[in-house]
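**Q** Each chain, written out:
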Amino acid sequence: MEVFIQQLTNGLAVGGIYALIALGYTMVYGIMKLINFAHGELFALGAYLGFTVLVSFGLSGNVGTGAAILITGALVMGFSALAGYLLEFAAYRPLGESDRLSAVVSALGASIFFQNAIMLVWGARYRAYPADLLPNVTLGFAGQDIPLIRAAVLAASVVIMLLLYFFINRTRMGMAIRASAIDQGAAKLMGIDVRRVIVIVFLVGPALGGLAGVMVGVYYGQINFNMGQLYGLKAFTAAIIGGIGNIPGAMIGGILLGLVEAFGAAYLSLAWRDAITFCVLIVILVVRPTGILRERVAEKL
Amino acid sequence: MRRIVVALASLGLFLAGAVAGEEVVIGVMGPVTGAWASEGEDMVNVVNLMAEEINAAGGVNGRKIRIEVGDDAGDPRTAALAAQRLVGSEAIAVVGTYGSSVCEAAQGIYDDEGVLQIATGSTSIRLSEQGYPLFFRTCPRDDEQGLVMAEKVAEMGHKRIAILHDNTSYAKGLADESRANFEKDGLEIVFFDAVTPGDRDFTTTLVKVRTANPDIIVFTAYYPEAALILRQKKDMKWAIPVIGGDATNNTMLVELAGAEAANGYYFISPPGPMDLTDPAAKKFLEKYRAQHDSVPSSVWSMMAGDAFGVMVEALKHIKEPTSAAMGEYLRHELENYPGFTGSISFDEKGDRIGDVYRLYQVNAEGEFVLIP
Chain A
1 MEVFIQQLTN
11 GLAVGGIYAL
21 IALGYTMVYG
31 IMKLINFAHG
41 ELFALGAYLG
51 FTVLVSFGLS
61 GNVGTGAAIL
71 ITGALVMGFS
81 ALAGYLLEFA
91 AYRPLGESDR
101 LSAVVSALGA
111 SIFFQNAIML
121 VWGARYRAYP
131 ADLLPNVTLG
141 FAGQDIPLIR
151 AAVLAASVVI
161 MLLLYFFINR
171 TRMGMAIRAS
181 AIDQGAAKLM
191 GIDVRRVIVI
201 VFLVGPALGG
211 LAGVMVGVYY
221 GQINFNMGQL
231 YGLKAFTAAI
241 IGGIGNIPGA
251 MIGGILLGLV
261 EAFGAAYLSL
271 AWRDAITFCV
281 LIVILVVRPT
291 GILRERVAEK
301 L
Chain B
302 MRRIVVALAS
312 LGLFLAGAVA
322 GEEVVIGVMG
332 PVTGAWASEG
342 EDMVNVVNLM
352 AEEINAAGGV
362 NGRKIRIEVG
372 DDAGDPRTAA
382 LAAQRLVGSE
392 AIAVVGTYGS
402 SVCEAAQGIY
412 DDEGVLQIAT
422 GSTSIRLSEQ
432 GYPLFFRTCP
442 RDDEQGLVMA
452 EKVAEMGHKR
462 IAILHDNTSY
472 AKGLADESRA
482 NFEKDGLEIV
492 FFDAVTPGDR
502 DFTTTLVKVR
512 TANPDIIVFT
522 AYYPEAALIL
532 RQKKDMKWAI
542 PVIGGDATNN
552 TMLVELAGAE
562 AANGYYFISP
572 PGPMDLTDPA
582 AKKFLEKYRA
592 QHDSVPSSVW
602 SMMAGDAFGV
612 MVEALKHIKE
622 PTSAAMGEYL
632 RHELENYPGF
642 TGSISFDEKG
652 DRIGDVYRLY
662 QVNAEGEFVL
672 IP
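Read top to bottom, the protein sequences are chains A and B. The working numbering applies: residue 1 is where the first sequence begins, and numbers increase by one. The working numbering applies: residue 302 is where the second sequence begins, and numbers increase by one.
FYI, nobody ran anything at the bench for these hints, they're computed from the structure.
Which residues of chain B face chain A? A few of them, derived with a C-beta cut under 8 Å, are:
(1) Gly335
(2) Arg501
(3) Thr506
(4) Met537
(5) Ala562
From the three backbone atoms N, C-alpha and C, an ideal C-beta is built for every residue, glycine too.
Let the hints inform the model, and build the full structure from the sequences given.
**A** So this is what it looks like as C-alpha cells:
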C-alpha cells in the first residue's frame with residue numbers, strides 16, 4: 001500500500017510536468033502541423049532562467065517563499081514566451097510556405113543552438129536550486145506522508161491546465177486558435193488573423209514549458225544544460241499518446257505517462273523504466289495510431 | 302598545379318615534424334562538458350598548471366611540453382572521437398579519463414596507435430585486465446574499494462544491506478564487488494537494482510528500497526544522482542544511513558543536495574585534496590587557489606596531476622620521448638614516485654600499488670570529514 005500511494009502521487013506530479021511540456025508540442029502541432037523540436041530546450045531555458053532569478057537576483061531569502069516562487073514563475077513565463085516568439089520569428093517565419101521538412105530541420109537546428117547557448121551562458125556544470133525553498137513538511141494522504149513539494153507541483157500543474165482549458169474554450173482568442181487548428185484557410189476567410197494565432201501559440205506553449213522547467217528545478221533541486229532532451233522526448237511521447245494536436249489529449253497523455261513510469265519502476269523493474277515508457281508509446285502507435293483522444297475530438301483541437 | 306600543391310603539402314608536413322621534435326605533446330582526455338564537467342575542468346586546470354611550471358623551468362631535458370585537451374563529455378561515443386583527435390595531434394601520452402565506461406571506449410584506440418594512457422578516475426577492474434601494454438592508472442581499483450566498503454559497513458554493525466548502482470562499468474563493478482564481500486562477511490543483501498544515470502526522480506526507487514527494510518543503503522554510482530537520492534530521502538523523512546563510493550567524493554554533492562540532506566552521508570574514497578598530507582601537494586594547491594580562486598573539487602583531478610607527474614618523471618629518464626620507452630620505464634623502473642596522493646608504483650597490469658581508501662562522513666556544515 002505504501003508503494004502504491006507514494007507512486008500514485010509521485011506519478012501524478014511527474015505526469016503534471018510532462019503534461020505542461022506536452023501542451024507546447026501539441027498546440028504548435030495543432031496549428032502548424034509542425035513538431036517543434038526546440039521545445040525541450042525552451043523548457044531547459046526556463047529552468048535556468050528560474051535559477052538566475054532565484055539565486056543570482058537573490059530573490060530567495062529576501063522576499064517570502066511564496067512570493068519568491070510566484071514572482072519567479074511569472075518572470076520565467078514571460079521570458080520563455082519571449083524566447084518562443086524569437087524562435088518563431090527567427091526559425092519558422094522566414095520559411096513561410098516552404099515544405100514541412102525544412103521547418104523540421106530548422107527546428108532541430110534551433111534545438112542545438114539553444115542547448116549550446118545554455119551551456120555557454122550558464123556552464124556545463126550542474127546547477128542547484130536553493131534547497132530550502134519550501135519547508136520540509138509532509139502532508140498526510142491515505143495514511144502516507146506526502147512531501148509538500150510534490151503536492152505543490154501537482155496543484156500548480158492542475159491550476160495551469162485549467163486556466164489553459166478556459167483560455168482555449170471560453171475566450172475569443174481561444175476560439176480563433178481552435179478555428180485555425182481545424183482549417184486555416186476557412187479561419188482566414190472568417191476574418192481570423194492566423195499569423196497572430198501562430199504568435200500566440202508560440203507565446204503560450206513556451207511559457208508553459210518554461211514554467212515546467214522551474215517546477216523541475218524546485219522539485220528535484222538540480223538542473224543541467226541538456227535536461228531538455230530527455231524531458232522533451234518524454235513530453236513528445238506524452239503528446240503522441242494523448243493524440244498530438246489535441247489539448248486535453250496532451251494533459252491525459254502526460255499524466256498517464258507519469259503514472260506508467262512510476263508504477264513500471266515500482267512493480268516491474270527500476271532499470272527498465274525508460275524502456276517501459278517507450279514500449280507504451282509503441283503499443284499506442286500500433287493499437288491506436290492517432291492517440292487516445294485524437295479521433296473523437298479531432299475538430300476540437 | 303597539383304604537383305605544386307603536393308610539394309607544398311609535403312614541405313608543410315616536414316616542417317610540422319621538425320617543430321614537433323622540439324616539444325612533447327601530452328594529451329588530457331576528460332569530461333570538460335557533460336554531467337561530470339566539474340571533474341574535467343579541474344583535471345585540465347591541474348595539468349595545465351603543472352605544465353606551465355615545467356615549461357617555465359625550461360621543460361624536460363630541454364623539450365617543452367604542449368598540452369592538448371580532448372573533451373570526452375563523459376560519454377563513450379564522444380570519447381572515441383576525442384581519442385582519435387588526440388592521437389591525430391601527435392600526443393605520445395594521454396592523461397585520463399574519469400569515467401570507466403568512457404575510458405573503456407578509448408583504450409583500444411590508444412592501444413592500436415601505441416599511445417601511452419594513464420587513467421585518473423577509472424576504477425573499474427576490467428580496464429587493466431585486457432592486457433594493454435601501455436595502459437596505467439593512478440587511481441585504485443574497485444575490488445579494493447569494494448573490500449574497504451564491506452569492511453567499514455560491517456564495522457558500523459549493519460546487517461541488512463540495500464545496494465543501488467546505475468549499470469555503468471564503474472558502478473556495476475563496484476556494486477558486484479561489494480556484494481561479494483558483504484556475502485562473504487555474512488551480511489544479508491535485501492535489495493540490489495540499478496537506477497538510470499541522468500535521471501531526476503528516485504522517489505520510486507527509495508520507496509521500493511524502503512519496503513525491503515534495509516539498515517543501510519550502499520550507493521555505488523556518481524554524485525549528481527547521489528545528491529538527488531539524499532535530497533529525496535530527506536523529503537520522505539527517512540533517516541537511513543547511506544554510504545557511497547569514491548565517485549561521490551565531490552563537493553558538488555553538498556551543493557546539489559543541500560547541507561541538511563547531505564549531513565551524515567558516508568563515502569569511501571582516497572583522501573580528498575584538502576586532506577592530502579604531502580607538502581608538495583599543499584604547495585601546489587596554494588598555487589592552484591591563487592590561479593582559480595578555489596581548490597579542485599575532488600581528488601580525481603589530483604590523480605590527473607599524478608599521472609602527468611609520472612609521465613614527466615619517465616620523460617626525464619629516457620633519451621628519446623616515445624610512448625613505448627615511457628611505458629617500459631613506468632612498468633619496470635618507477636618505484637615510489639612521490640605523488641600528491643601518496644607514493645606511486647605500478648604493477649605488471651599497470652595498476653597502482655598501495656592502499657589509499659579512507660572513510661569520510663559529511664558533517665552538518667557540509668564539509669567532508671575523514672573518519673580515522
